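Start from the sequences and build out the full structure, keeping to the hints where you can.
2 protein chains.
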Amino acid sequence: MALVAVSNKRVILKRYLTACEIGQLGDEMEVVTAEAVPLSVPAGSFAVLVKNLYISCDPYLRNRMIRHEVPTYISDFVPGEVVTSHGVMKVISSGHLDFKAGDLVWGMTGWEEYTLINNPESLFKINYPEFPLSNYTGVLEMHGLTAYVGFFEMSKPKKACSAIGQIVGQLAKIKGCYVVNLLKTKFGFDDAFNYKKEPDLEAALKRCFPEGIDIDFENVGGAMLDAVLPNMRLGGRITMCGMISQYHLERPEGVRNLMYIITKRLRMEGFVIFDSIAVYRQFEEEMAGYLREGKVTYVEDIVQGLDAAPAALIGIYNGLNVGKQLVSIAQA
Amino acid sequence: MALVAVSNKRVILKRYLTACEIGQLGDEMEVVTAEAVPLSVPAGSFAVLVKNLYISCDPYLRNRMIRHEVPTYISDFVPGEVVTSHGVMKVISSGHLDFKAGDLVWGMTGWEEYTLINNPESLFKINYPEFPLSNYTGVLEMHGLTAYVGFFEMSKPKKACSAIGQIVGQLAKIKGCYVVNLLKTKFGFDDAFNYKKEPDLEAALKRCFPEGIDIDFENVGGAMLDAVLPNMRLGGRITMCGMISQYHLERPEGVRNLMYIITKRLRMEGFVIFDSIAVYRQFEEEMAGYLREGKVTYVEDIVQGLDAAPAALIGIYNGLNVGKQLVSIAQA
Numbered sequence: 001m002a003l004v005a006v007s008n009k010r011v012i013l014k015r016y017l018t019a020c021e022i023g024q025l026g027d028e029m030e031v032v033t034a035e036a037v038p039l040s041v042p043a044g045s046f047a048v049l050v051k052n053l054y055i056s057c058d059p060y061l062r063n064r065m066i067r068h069e070v071p072t073y074i075s076d077f078v079p080g081e082v083v084t085s086h087g088v089m090k091v092i093s094s095g096h097l098d099f100k101a102g103d104l105v106w107g108m109t110g111w112e113e114y115t116l117i118n119n120p121e122s123l124f125k126i127n128y129p130e131f132p133l134s135n136y137t138g139v140l141e142m143h144g145l146t147a148y149v150g151f152f153e154m155s156k157p158k159k160a161c162s163a164i165g166q167i168v169g170q171l172a173k174i175k176g177c178y179v180v181n182l183l184k185t186k187f188g189f190d191d192a193f194n195y196k197k198e199p200d201l202e203a204a205l206k207r208c209f210p211e212g213i214d215i216d217f218e219n220v221g222g223a224m225l226d227a228v229l230p231n232m233r234l235g236g237r238i239t240m241c242g243m244i245s246q247y248h249l250e251r252p253e254g255v256r257n258l259m260y261i262i263t264k265r266l267r268m269e270g271f272v273i274f275d276s277i278a279v280y281r282q283f284e285e286e287m288a289g290y291l292r293e294g295k296v297t298y299v300e301d302i303v304q305g306l307d308a309a310p311a312a313l314i315g316i317y318n319g320l321n322v323g324k325q326l327v328s329i330a331q332a
Numbered sequence: 001m002a003l004v005a006v007s008n009k010r011v012i013l014k015r016y017l018t019a020c021e022i023g024q025l026g027d028e029m030e031v032v033t034a035e036a037v038p039l040s041v042p043a044g045s046f047a048v049l050v051k052n053l054y055i056s057c058d059p060y061l062r063n064r065m066i067r068h069e070v071p072t073y074i075s076d077f078v079p080g081e082v083v084t085s086h087g088v089m090k091v092i093s094s095g096h097l098d099f100k101a102g103d104l105v106w107g108m109t110g111w112e113e114y115t116l117i118n119n120p121e122s123l124f125k126i127n128y129p130e131f132p133l134s135n136y137t138g139v140l141e142m143h144g145l146t147a148y149v150g151f152f153e154m155s156k157p158k159k160a161c162s163a164i165g166q167i168v169g170q171l172a173k174i175k176g177c178y179v180v181n182l183l184k185t186k187f188g189f190d191d192a193f194n195y196k197k198e199p200d201l202e203a204a205l206k207r208c209f210p211e212g213i214d215i216d217f218e219n220v221g222g223a224m225l226d227a228v229l230p231n232m233r234l235g236g237r238i239t240m241c242g243m244i245s246q247y248h249l250e251r252p253e254g255v256r257n258l259m260y261i262i263t264k265r266l267r268m269e270g271f272v273i274f275d276s277i278a279v280y281r282q283f284e285e286e287m288a289g290y291l292r293e294g295k296v297t298y299v300e301d302i303v304q305g306l307d308a309a310p311a312a313l314i315g316i317y318n319g320l321n322v323g324k325q326l327v328s329i330a331q332a
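Going line by line, the protein sequences match chains W and Z.
Going by the UniProt record's numbering, the first sequence opens with residue 1, and the numbers climb by one from there.
Going by the UniProt record's numbering, the second sequence opens with residue 1, and the numbers climb by one from there.
Quick partial rundown of chain Z residues pointing at chain W, CB under 7 Å, derived from the structure: (1) T72; (2) G254; (3) I261; (4) R265; (5) R267; (6) M268; (7) E269.
Since the hints were derived computationally from the structure, they do not count as laboratory data.
Since we're looking at a predicted model, the values are computed, not measured.
The beta-carbon is built from N, C-alpha and C at its ideal position, and this holds for glycine as well.
So, in structure tokens, the structure goes:
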């Protein structure tokens, strides 16, 4: 078989960011056309060559563009190399028995047209291609799984609860919970406010939760978390998933209300979704059911093409996206 | 039987404190001689009249001398009324079937010579009078129980751990843990430092725990807690018991390192010992065994007489006590 090679446009990191640049610029990324890649895996290789269809813009990615003295839970990007994130891909050529050309998969890939994946064990086959494939960068993938594990396993819902994030909010609704979210009309949440525009967060929470909060699914951190603490109910749980309001700060905001953890007997617990990958298939089946029945609604904000990817990623820190931000690179 | 009445010296609260006065003054307390009390309970009453032998000086008491707009987990003291805390008492007269004159008990009582206790169900009989009775204001009472519940139930020790507080530190030693405490020689702790004198708390912890901390039994809060977080190991537990460094501050210090709760998958959980009173008898038996076998050592700082009580209480905020602070009022 003749080796066909194609050009490969990609987004690379040019230089490391400083923490305060997280939501600014974009000149630390560059779109280049790399040397042509052959459209089949090397002979004898167990790798898989994929065509990237969608890539995911996630808050944690800008943090990987900072050089960390102390390792975090994920490795830093390297200047000159392609940016990576989760994506949806089509297998073009496979040296691995579990995959064949034409398979649709999701997993870690490059921000480029084609990627040679040397550890295909990390890929997941897409079991429900009847949904928009882009859903496999979010609601049917790690974001959905994060909401699912964070809500059902970590937060142990009983009845009432708060929640942040569109999916966890809807999972809470399925369980009959009382939740806050930005988009209450769209997602059917009981109440909502925009934490960036609220002058008194503690009062806003008290307004939304006159009887207090049983479960906080925390993705904001800082002043928002400080306002949550006095509004928690006895024995409440704070599931710590992220702190998007803090990543761009040179020094994180101080949280002063931690005494409530004692007086209200709260549990605050952190989790990183990579630890829960074993639950994925169970989650995928359950979430596919919720989507099919219309119990979960999902909104995506899709930009077209790799050239638009750097700005799309920066936009999520400035609140420019409505719904899950992703980049469409090619059609299946 | 003739009613014998005796005079009754007592410590009353004169006025509410402000938060920043917690470790200062003492003029908000006053030692007065109240009207004579009859030395038997009123006819038909279910109350118990006790002679107070020892009273306990505890950090939470000064907090009860502040007027709280929002109720805390315990009621505020009332100006003009006697200060109360846990103590060791001898029953003088009883209207309650469970108690008789001569019984030694511990529980909530007044800072005075004699107290009429209207809810004797709250009292515990002393099962091991062979130990110094004063131990029932500490190691054999709520302080010991706090260490016991906080360590064994909340912190779920495996092997390595840190701990603060003399009893929890020794419980940790019994379990083979590596612990930090002020008095390592006395209690046999592996290492120790004084958080009030250490210029760089984060570095001090790293020195004591080069491999990181699995369990933090937190009683200090503020900057100390902030220094603990980066030194925690993956999946570690922070049992939140108190924040003595914060109670005198108008505004608590901000804790900035909470992101480690996520990246290190930490659990931070608060508890209030009043919820765990059901475990007391099991604890008392076990702790009596540890004391008898010399596995737990216990140091008390005893001042004599009610006149010395206000200064003794203030002293614990200024680090003047060595060991558990208490006041001896009378001999059994």
